[in-house]
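*Asks:* Chains A and B supply the protein sequences, listed in that same order. Under the numbering used here, think of the first position of the first sequence as 4, with each following residue one higher. Under the numbering used here, think of the first position of the second sequence as 277, with each following residue one higher.
These are calculated hints, taken from the structure and not from any lab test. Check before you lean on any hint, since a few could be wrong.
[Said to hold, decoys possible] Pairs of lysine to aspartate or glutamate residues, derived as EDC-like cross-links and limited to a Cα-Cα distance of at most 16 Å, are as follows: (1) 137(A) / 235(A); (2) 326(B) / 298(B); (3) 5(A) / 317(B); (4) 26(A) / 285(B); (5) 12(A) / 327(B); (6) 5(A) / 327(B); (7) 291(B) / 317(B); (8) 286(B) / 229(A); (9) 43(A) / 266(A); (10) 12(A) / 317(B); (11) 5(A) / 298(B); (12) 12(A) / 298(B); (13) 301(B) / 244(A).
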Amino acid sequence: MKCRKCGAKASVNMRQHRLALCKEHYLEWVPEQTERFIKKYQMFDRGDKILVAISGGKDSLSLWDILVRLGYQADGLYIGLGIDGGINYSSESHRLTEKFANENNLKLHVVDVENEYGQPIPMLSEISHRGHGKPCAVCGLTKRHVMNRIARDLGYDVLATGHNLDDEAAVLFGNTLQWSSEFLLRQGPVLPSTEGLARKVKPLCRFYEREMTAYALLRGIEYIYEECPFAEGSTSIYYKELLNKLETDRPGSKLTFYLRFLEARQRGDLFAEKDIRQANLHPCPNCGQPTSAQGLCSFCRLMEKAEGVATISRSAL
Amino acid sequence: MAVKLILRDKEYEVKPGMTLLDSLKKAGVVPESVIATRNGEMIVEDEILKDGDVVKLVAVISGGADNRNSIFATRIPTPE
Chain A
4 MKCRKCGAKA SVNMRQHRLA LCKEHYLEWV PEQTERFIKK YQMFDRGDKI LVAISGGKDS
64 LSLWDILVRL GYQADGLYIG LGIDGGINYS SESHRLTEKF ANENNLKLHV VDVENEYGQP
124 IPMLSEISHR GHGKPCAVCG LTKRHVMNRI ARDLGYDVLA TGHNLDDEAA VLFGNTLQWS
184 SEFLLRQGPV LPSTEGLARK VKPLCRFYER EMTAYALLRG IEYIYEECPF AEGSTSIYYK
244 ELLNKLETDR PGSKLTFYLR FLEARQRGDL FAEKDIRQAN LHPCPNCGQP TSAQGLCSFC
304 RLMEKAEGVA TISRSAL
Chain B
277 MAVKLILRDK EYEVKPGMTL LDSLKKAGVV PESVIATRNG EMIVEDEILK DGDVVKLVAV
337 ISGGADNRNS IFATRIPTPE
């Protein structure tokens, strides 16, 4: 497979876009697309101070790298969770984050949960009895609190996270299975600032997870490859695997699922039962069944067309 | 000889002469969930794998259960 731009051997193939690119052109394409999404969803502009939440994983480090390459004022925030799991998970992700910041001469804020709040995440979870034996709920809650506090206290205009399209599609899938209308209506690339809450944005929300992995590898970004020990068996990962099976057979399914959702949400089409009841239905002048179409209903139009074709065929005989 | 696919601590062997895409499917690996590298270079789905090739697969899925706009934030249903 060849790069569409230069004809060299392709390093990445994005079947949902029918686009294959070589290393050089892929590393140009990703920041160009990120800039396009930042503008499309009006996330922030060049004058804004951006705080990037960094976990030490491929997405957040790549996001930081991309924003800096694009010339944005982006500082990092690393939150030390105190998770070991037999693989020094937190200390290793901290080391890699510090390494990236130092090598690129970037400003990094570090908040250690145990130092600030007295206990690491697993202990806070145990003490609080939240999350059915897993610390993920407490971890998420703590991270959101700290990210918001630092963004506000230090005067950042916006908080950026590295959520990719697979993250968003998995969340959307889970919330759709449960018909969690409240969550569905809040999901999007931008969460506007409200009283006490910083503005949050997801500039990578239209890249597949696979694309972000490719970006990190091709840019030579060293990230924590091992998964959080508590993420194993999580529902979000299970949903991602399901969606990837679908994507393999039907390229573009994940992208369509997410984008059509955003479009429907923007149009106000989600949970529009009231509107459906109030829709202007009237009887079809031919069959009498209700229709919202002008004139004949869709079925009668179909029959009209079919009859027209049959008439033409008969007259041709 | 054969083609070797390595994903984390697992190894799969497939016949040479197939594309990467078919080899992954044959091994039961979801192609969308991995990036494939050979001799340190990324390769794409239509690459024909040759006898003796060693393909290292990088898993792409990450994440946990801590997204704010999600049921995961408050409840984690277990898949049956």
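*Asks:* Hint compliance check: list the failing hint numbers for this structure, sorted ascending.
*Replies:* 4, 5, 6, 7, 11, 12
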